[in-house]
Structures are given as structure tokens and as C-alpha cells.
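Enquirer: Please build the complete structure, drawing on both the sequences and the hints.
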Amino acid sequence: VPCENWSRTPWFAAVNHTNYSRHGAGYADRYRALRDPHLHGIMSDDYISAEILGGLDLMVDLGSIFGGSVRKHYLAQHFVRSIADQEIQNVEFLDGIRRQRVTWGNGMTVYVNRGEGNWNIQGHTLPKYGFVIFDAKGNFVSGIVRNPANETEIVEFSQRPDGTFYLNGRGQKIVDLLPIQPTMKSAKILENGRAFEVVTNWKSDAPAPKDLAIFAHVFEPRRGYGFTPTGWFDGYSCSIPTSKWGTSPETRNVETGAGHIFRIPEGTRNGKYHVMVGLYDHLGDGRRAALMGEFAQDNRYSVAEFEIREGRIVGEIRPVAISESVDDFSRLLGNRTPAEYRGVSTLGALRVKPMDKMLEILPLPSLPEFDVTVQGTVKRIHCGDEEVPFRQNGESASFRVKVEDAKVYRVEFEK
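Counting from 624, one number per residue, gives the positions in the sequence shown under this note's numbering.
FYI, nobody ran anything at the bench for these hints, they're computed from the structure.
If you're wondering where the values come from, they're calculated on a predicted model, not measured in any experiment.
Below, in silico cross-link-like pairs of lysine-lysine (DSBU-like), each with a Cα-Cα straight-line distance of 35 Å or less:
hint : residue 1 : residue 2
1    : K751      : K826
2    : K895      : K826
3    : K976      : K1025
4    : K796      : K1002
5    : K976      : K1030
6    : K1025     : K833
7    : K1030     : K980
8    : K811      : K895
9    : K695      : K980
10   : K808      : K895
11   : K980      : K796
12   : K796      : K826
13   : K895      : K751
14   : K867      : K833
15   : K751      : K695
16   : K811      : K867
17   : K980      : K760
18   : K1002     : K695
19   : K1038     : K760
20   : K796      : K751
21   : K695      : K1025
22   : K1030     : K1002
23   : K808      : K826
24   : K1002     : K1025
Expert: Below, the structure written as C-alpha cells:
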């Protein structure tokens, strides 16, 4: 529904929370509403911030049921459990409709930033779709925030009343996203509206890992479930291979489509159409690459839009704006700076239980190996019956975690 401005609010929870405490934010496909599944799906910061805003039951789907369920449990299940029988006492809009503070009956206070730009709350920097939770005594409970080490990358932490804590350095990339962004450079209407030209600019910050082929399709944009878009398939070509894009100032911006004529087929249905472009592995499995463009569907990216009536273009050909920022896309690429919390730092994800002269560390499932650094002089580290090698570097020690069979790493300190 077109509107000038909108934001999610916890009004449903304010009325029905204790009647429907197991209510979630909705099925992932419905929630993301045809947007990029990685940025708006059930494991995205967008979706999680909506769950936290309303105090909703945390949800996963079939594709995220293992690692995703453990991640959400460590991140915020203790908060959700604590408010299951509580009511919302107050909802405040702070600095616009997209920055909200929700106060619960037990004193839990939630800050959620669903607006553009950072929001600083009590020493925590909340990015877009970030949040932070404090208990009635002002103690930190959970958050998705900027990494304090660089105030750029996005990480997540939580802490439970028994002292157990969770940190996720987000070092693993979520998708093989290429830093290539297609947009419309120019357009011409030809042959009295029965044909047209669209020149696409490919802004490339790095090359593709291999030479990929370029495609250009003309289709109606999807409008919802039950609607089958029509259109036709076309293509582009380029003299510069994609493996060379972004490797020099001359290849930072590559243009395709000049001189390529799109002709509207006979019998084309009246309606609005998009030129959707992308890259695919024509010499391999045919898979389409994920790009930093305006997501259309099936890893196609809209660059231009226009309307067809009676086989002709009416009006002008307009560029399609990219609704996601570079900062939005960057959270999919994997961080490079470890997250640190209470003397433990990592690019991986783990739950830590402090004990007398010891830490019990349990890594999240479904992750590759990663390094962990702990503050203090380590006596030994063992995982089950096996000794784990470590490197003592002054006042800290580092070791490698292998994620398998939910094994606990026990780090023993000298004192």
C-alpha cells in the first residue's frame, strides 16, 4: 500500500501480549514482502528487531531451524521468557517514529532503532534494525549493536542473570554477495515506443571470482502471492570480463547495453514493467550471483521501469532506486574485527559460562572453525578428553574452536 511514511509499532502486543504470548512476527515470506530475503528474512536484523519491539515469540523456519534457533535462543530467549506474562506499560517515539522505547511491567526497557543512521543509547550504538535491552536495575540484557572496537561493523551480545553471556562477532558471511551494484545510466525510447535502449552501469568495488555472463530480462514486477508476472528474456554483452571488474579506476564503473535494442513482443500484456539484470555462471551450474542491487526476484535486480499500453511504451523510462544502503548490504559480508565481551573476543559465535577459575565455552552449531581469545593466564584448555593447544600472548591466550557435536571447551586459568 503506497504511503508517505510508516513504521512498525507494538500496538498488537500492547493489547494482546498476555493472551497471545506465543505470537510471532509472521511467516518470513509474508514479512519480507518480496524484499531481499537475506536482509529481511526470518534471521535478518530487520525481522529480529520487529520481534524484540513487540516482545514476540522468537521464530525460525525450516532453513534456519538448527543454527538459527540456537542463535536466537542465546540472543534473546531469556528476555522473551521474562516478559511472557507481562504487559507493556509504555511506548515512546524518540526522535521520529522509527526510534522507539518500550517499557514492560517488570521493568524491562527496550530501545529499537528501525530508522536510518545510528542511535546512541547509554554507551551502545544502535544501527538500523539494532536494539538494546536493559532490566529494571539498568543491567544490560541483550543487543544488536555496532562493534565497540570500530563502531562500524554490527555484532550481537546478551547476558543472563546467572552471568552466562553470548557474543557473536559475525565473521561468517551470510551469502556470497558480490560488491557489484547495477543501476540505470541512461535510456532511449525508439521506434515510436515499440523498442527501447537501457544502458546499465555496474559499479564494482571488487571483481567477480570468475567470468560470469550478463542477462537482461523485461518483466512485470511481482505484486504479491497469486500474481504471475509476464515478460521476456533478453541479454547484454560486455568486452570486459567480470573477473576484471573493479580492478582499476577504468573498470570501477562498467557500462553495458549501449546499442542493444529491446523490442516489445506482440501481445505483451498492458502494465508496468522493469528491466531486470544480473550475472550468472554460464559455464558452470547456471546459478545467478547475489548483487548489491534493487532485489526483484530470483537474484534479478531492477534498474529501469516503464509502462506498456497496446504494445508501446507510454511516458518515460525511469531509473529504479536502490532501497538498501551499502551499510545494509555490508552486514551480509562477514566482519573482520573480533567482537569482545567480558574478556572474550572472537569473530565466531559462542555462549560463555563463567565459573571458578574457568570458562565453559560452547560454540554455535553450523559454523566453520574460528579463533577465540580470552583474557588471563591460561593453565590448560580441554574439550572432552582432548587437550586443546593454545597460544599465551602476554595477558591473553588464543585457541582454535572446531564446531562439532556441541562440544564444550573448558578454559582453566592459573588464578
